[in-house]
Amino acid sequence: MSDHSNHGHDHHGHHHGHDAGGSHGSLKDYTIGFILSVILTAIPFWLVMAKVLPPGTTGYVLMAFAAVQVVVHMIYFLHLNSSAEHGWSMMATIFTVIVLVIMMAGSIWVMYHMNANMMPGMDAGSDALHGAHDMP
Amino acid sequence: MSEFTASNQAEAGNAVGDASRYYVTEHHPENGTLLGFWMYLMSDCLIFACLFATYAVLGRNYAGGPSGAELFDLKLVALNTAFLLVSSITYGFAMLSAHKGFKSKAILWLGVTGVFGLAFLSLEIYEFVHLIHEGAGPQRSGFLTSFFALVGTHGLHVTFGVIWLVTLMFQVGKHGLTVENLRRLTCLSMFWHFLDVIWIGVFTFVYLMGTLP
Numbered sequence: 014m015s016d017h018s019n020h021g022h023d024h025h026g027h028h029h030g031h032d033a034g035g036s037h038g039s040l041k042d043y044t045i046g047f048i049l050s051v052i053l054t055a056i057p058f059w060l061v062m063a064k065v066l067p068p069g070t071t072g073y074v075l076m077a078f079a080a081v082q083v084v085v086h087m088i089y090f091l092h093l094n095s096s097a098e099h100g101w102s103m104m105a106t107i108f109t110v111i112v113l114v115i116m117m118a119g120s121i122w123v124m125y126h127m128n129a130n131m132m133p134g135m136d137a138g139s140d141a142l143h144g145a146h147d148m149p
Numbered sequence: 040m041s042e043f044t045a046s047n048q049a050e051a052g053n054a055v056g057d058a059s060r061y062y063v064t065e066h067h068p069e070n071g072t073l074l075g076f077w078m079y080l081m082s083d084c085l086i087f088a089c090l091f092a093t094y095a096v097l098g099r100n101y102a103g104g105p106s107g108a109e110l111f112d113l114k115l116v117a118l119n120t121a122f123l124l125v126s127s128i129t130y131g132f133a134m135l136s137a138h139k140g141f142k143s144k145a146i147l148w149l150g151v152t153g154v155f156g157l158a159f160l161s162l163e164i165y166e167f168v169h170l171i172h173e174g175a176g177p178q179r180s181g182f183l184t185s186f187f188a189l190v191g192t193h194g195l196h197v198t199f200g201v202i203w204l205v206t207l208m209f210q211v212g213k214h215g216l217t218v219e220n221l222r223r224l225t226c227l228s229m230f231w232h233f234l235d236v237i238w239i240g241v242f243t244f245v246y247l248m249g250t251l252p
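Just so you know, the protein sequences line up as chains V and X, in that order. To get the numbering used here, take the position in the first sequence, counting from 1, and add 13. To get the numbering used here, take the position in the second sequence, counting from 1, and add 39.
One should not assume that every hint holds.
Unchecked claim - For each label pair, taking beta carbons as the anchor points, the in silico distance ranges come out as:
hint: 1; chain 1: V; residue 1: 119; chain 2: X; residue 2: 214; range: 23 to 33 Å
hint: 2; chain 1: X; residue 1: 176; chain 2: V; residue 2: 124; range: 19 to 29 Å
hint: 3; chain 1: X; residue 1: 71; chain 2: V; residue 2: 88; range: 21 to 31 Å
hint: 4; chain 1: X; residue 1: 139; chain 2: V; residue 2: 122; range: 29 to 39 Å
hint: 5; chain 1: V; residue 1: 117; chain 2: X; residue 2: 106; range: 20 to 30 Å
hint: 6; chain 1: V; residue 1: 114; chain 2: X; residue 2: 191; range: 20 to 30 Å
hint: 7; chain 1: V; residue 1: 39; chain 2: X; residue 2: 214; range: 17 to 27 Å
hint: 8; chain 1: V; residue 1: 39; chain 2: X; residue 2: 173; range: 22 to 32 Å
Hints are computed from structural coordinates only; laboratory data are not their basis. C-beta: ideal position from N, C-alpha, C; glycine also.
Can you build the whole structure from these sequences, using the hints too?
Take a look at the structure:
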């Protein structure tokens, strides 16, 4: 790559050319990532379309597959590792994941409890949750 | 790299004269762009997280309207997922070609990626039109509002990704694989693969789990 970037650029082209690459993957990385992604995508679709497992279990299995596939994409396609950008990419990612987990878990937790606690008049007892879900 | 590069630059600086500027800023200007773009992607990730949280809260509020199990055509979604996944690896091939300096090959792979991106968008627009035609538009229920907001935002990102991709095809065609263009290609690479990561969440949480009873 560096000889070509020198063509397009002048005296400091070489160093920049090296930097612009950042941490880019190899053909092997992309191939491994692609094959893993295909497998990790095909199994969830198969589980749902063929109704292999009971719905409750399927939900948890789907989430597990999604989590693994996100990590696969991060490593093999986005080339995230602890040394990229002197570790700052990893730091930003970890920070985002923490904020994301707090926000998602917090919202879902709070909103489901609101649903359960604020509609006692509409349906009796344990039906309160279902009653709340019919709200537009 | 810093020690070696810095001293190199310092020597070059004596020769060129104006390069003391480079000496100061040389540390990682390109990495700065990529890190900055990564920060943007992470903030974009939070936007999607908000939309996912909204969907998680409203996703079963059907208001007597149709549910996901009745609306979603999983074969269509599987095809769409395949389009996006294949476009991810073809973009990878474009990056590999670009780093090796194969200009026309890089443009070709970018073109293939763009075609798969457009195929994804056409299917998604077909799905949206179909839903709205059936009376399951975004105004029908809380579930459909959050569905259109989440999937629509992702589709909008892909649309801009395709526009960016076509722009870069022309840029590379005109100026070649210069340092600037390689940097832009790397940014778009991150953007494109990031959209694929978001789509993992969409097909898992919205389509697959929405179809479960």
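Does the Cβ pair residue 139/X, residue 122/V satisfy 29 to 39 Å? Taking Cβ atoms as reference, residue 139/X and residue 122/V lie about 50 Å apart, which means the hint is violated.
Falls inside 19 to 29 Å, the C-beta gap from residue 176/X to residue 124/V? holds (24 Å)
Between residue 117/V and residue 106/X, is the Cβ distance one that fits in 20 to 30 Å? With a Cβ separation near 22 Å, residue 117/V and residue 106/X satisfy 20 to 30 Å, so the hint holds.
Status of the given 22 to 32 Å range, CB of residue 173/X versus CB of residue 39/V: violated (47 Å)
At the C-beta level, are residue 114/V and residue 191/X separated by a distance inside 20 to 30 Å? Cβ of residue 114/V to Cβ of residue 191/X: about 25 Å, so the range 20 to 30 Å holds.
Just to be sure I understand the hint, the distance between the Cβ atoms of residue 39/V and residue 214/X should be within 17 to 27 Å; is that true here? holds (26 Å)
Do residue 119/V and residue 214/X keep their Cβ atoms within the hinted range of 23 to 33 Å? violated (48 Å)
For residue 71/X and residue 88/V, compare the CB-CB distance with the range 21 to 31 Å and indicate the outcome. Between residue 71/X and residue 88/V, where Cβ atoms are some 23 Å apart, the hint holds.
Consistency with the previously given hints fails for numbers 1, 4 and 8, ordered from lowest to highest.
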